[in-house]
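Visitor: The listed protein sequences correspond, in order, to chains A and B. Residues 1 to 116 in this note's numbering are what the first sequence lists, from first letter to last. Residues 1001 to 1114 in this note's numbering are what the second sequence lists, from first letter to last.
Hints listed in this document are in silico derivations from the structure and should not be mistaken for laboratory results. Treat the hints with caution; some may be incorrect.
Heads up, simulated BS3-like pairs for lysine-lysine below, C-alpha to C-alpha not over 30 Å straight-line [said to hold, decoys possible]:
| no. | chain 1 | residue 1 | chain 2 | residue 2 |
| --- | --- | --- | --- | --- |
| 1 | B | 1057 | A | 70 |
| 2 | A | 3 | A | 70 |
| 3 | B | 1057 | A | 73 |
| 4 | A | 3 | A | 73 |
| 5 | A | 3 | B | 1057 |
To list a few chain A residues with every Cβ distance to chain B over 12 Å, as calculated [to be verified]:
| no. | residue |
| --- | --- |
| 6 | 15 |
| 7 | 19 |
| 8 | 20 |
| 9 | 24 |
| 10 | 58 |
| 11 | 71 |
| 12 | 80 |
| 13 | 85 |
By construction, the Cβ of each residue, glycine as well, lies at the ideal position given by its N, Cα and C atoms.
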Amino acid sequence: AQKITQTQPGMFVQEKEAVTLDCTYDTSDQSYGLFWYKQPSSGEMIFLIYQGSYDEQNATEGRYSLNFQKARKSANLVISASQLGDSAMYFCAMRETHTGFQKLVFGTGTRLLVSP
Amino acid sequence: DSGVTQTPKHLITATGQRVTLRCSPRSGDLSVYWYQQSLDQGLQFLIQYYNGEERAKGNILERFSAQQFPDLHSELNLSSLELGDSALYFCASSGEGGGKTEAFFGQGTRLTVV
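Only chain A is shown next, with the shape it has when bound in the complex:
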């Protein structure tokens, strides 16, 4: 079974600084997808960024980038120039595919606090 590990329960960063949120995964599949979601205090799950296992380049979406190291099975999220609104829970997830359909396996999350 696939597994996602997020070892940082909480992270603190100062506004305008960059921060890296760690995510390691375990899978025997050759084809998989990795996702990051943001969950603010209001509760909704907001999709941030996606990395496919065969993508040669690291994914980027605005201030978000994914540091994908396939051999190490890590998919760390980098947030550049942190903003106060980035304070939230961040979840790493893996697409687990069975017969072409998918479900997401989530890590336990990292709570990010951005201070002024």
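Put chain B on the given structure of chain A with help from the hints.
Guide: Okay, now just chain B, sitting in the frame of chain A:
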């Protein structure tokens, strides 16, 4: 706005009762997923429907059931509720196939069982 609509947003009910959570997927998405987020279990996949048919089952209790209707909206039925069923229940939808078919989540239904 993800395009996935969940109702109600909040629900408070007593133990032993039954509730129905409703989800309307994004336009064109055939797959609907239900997830449960609780403090002790984290985010857990419950069940997936694709175009009206059950496709995958996760850690869903026998007291829980779901269905997807011809108009693609889905309902999650929770019965004989227990205090431990208090959680945030998410519905997500996605298109078919591989690639960047990320799941878009609704805002969730926060269920409190008292």
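Visitor: Is residue 3 of chain A close enough to residue 70 of chain A, meaning Cα to Cα at most 30 Å?
Guide: Satisfied, since the Cα-Cα distance of roughly 15 Å is no more than 30 Å.
Visitor: Using Cβ atoms and 12 Å as the threshold, tell me whether residue 80 of chain A really stays out of contact range of chain B.
Guide: Holds, since 21 Å exceeds 12 Å.
Visitor: Does the claim that residue 58 of chain A lies outside the interface with chain B hold up, using a Cβ gap greater than 12 Å?
Guide: Label holds. Min Cβ-Cβ 14 Å, cutoff 12 Å.
Visitor: Taking 30 Å as the top limit, are the C-alpha atoms of residue 1057 of chain B and residue 73 of chain A close enough?
Guide: Between residue 1057 of chain B and residue 73 of chain A the Cα gap is close to 26 Å, so the pair holds against 30 Å.
Visitor: Classify the label on residue 19 of chain A as holds or violated, using whether its beta-carbon is more than 12 Å from each beta-carbon of chain B.
Guide: Residue 19 of chain A is indeed farther than 12 Å from all Cβ atoms of chain B, at 22 Å.
Visitor: Straight-line Cα separation of residue 3 of chain A and residue 1057 of chain B no greater than 30 Å?
Guide: Roughly 17 Å separates the two Cα atoms, so the pair holds.
Visitor: Minimum Cβ separation between residue 20 of chain A and chain B greater than 12 Å?
Guide: Given that every Cβ of chain B is farther than 12 Å from that of residue 20 of chain A, nearest at about 21 Å, it holds.
Visitor: Residue 3 of chain A and residue 73 of chain A were given as a pair; does the straight-line alpha-carbon distance stay at or below 30 Å?
Guide: holds (11 Å)
Visitor: For residue 24 of chain A, which was marked as not at the interface, is the minimum beta-carbon distance to chain B over 12 Å?
Guide: Holds, since 16 Å exceeds 12 Å.
Visitor: Take the C-alpha atoms of residue 1057 of chain B and residue 70 of chain A, compute the straight-line distance between them, and say whether it is at most 30 Å.
Guide: Cα-Cα ~29 Å, so holds.
Visitor: Report holds if the minimum CB distance from residue 71 of chain A to chain B is greater than 12 Å, and violated otherwise.
Guide: Label holds. Min Cβ-Cβ 22 Å, cutoff 12 Å.
Visitor: Mind verifying the non-interface call on residue 15 of chain A? Its CB should be farther than 12 Å from each CB in chain B.
Guide: holds (27 Å)
Consistency with the previously given hints is maintained throughout, with no hint failing.
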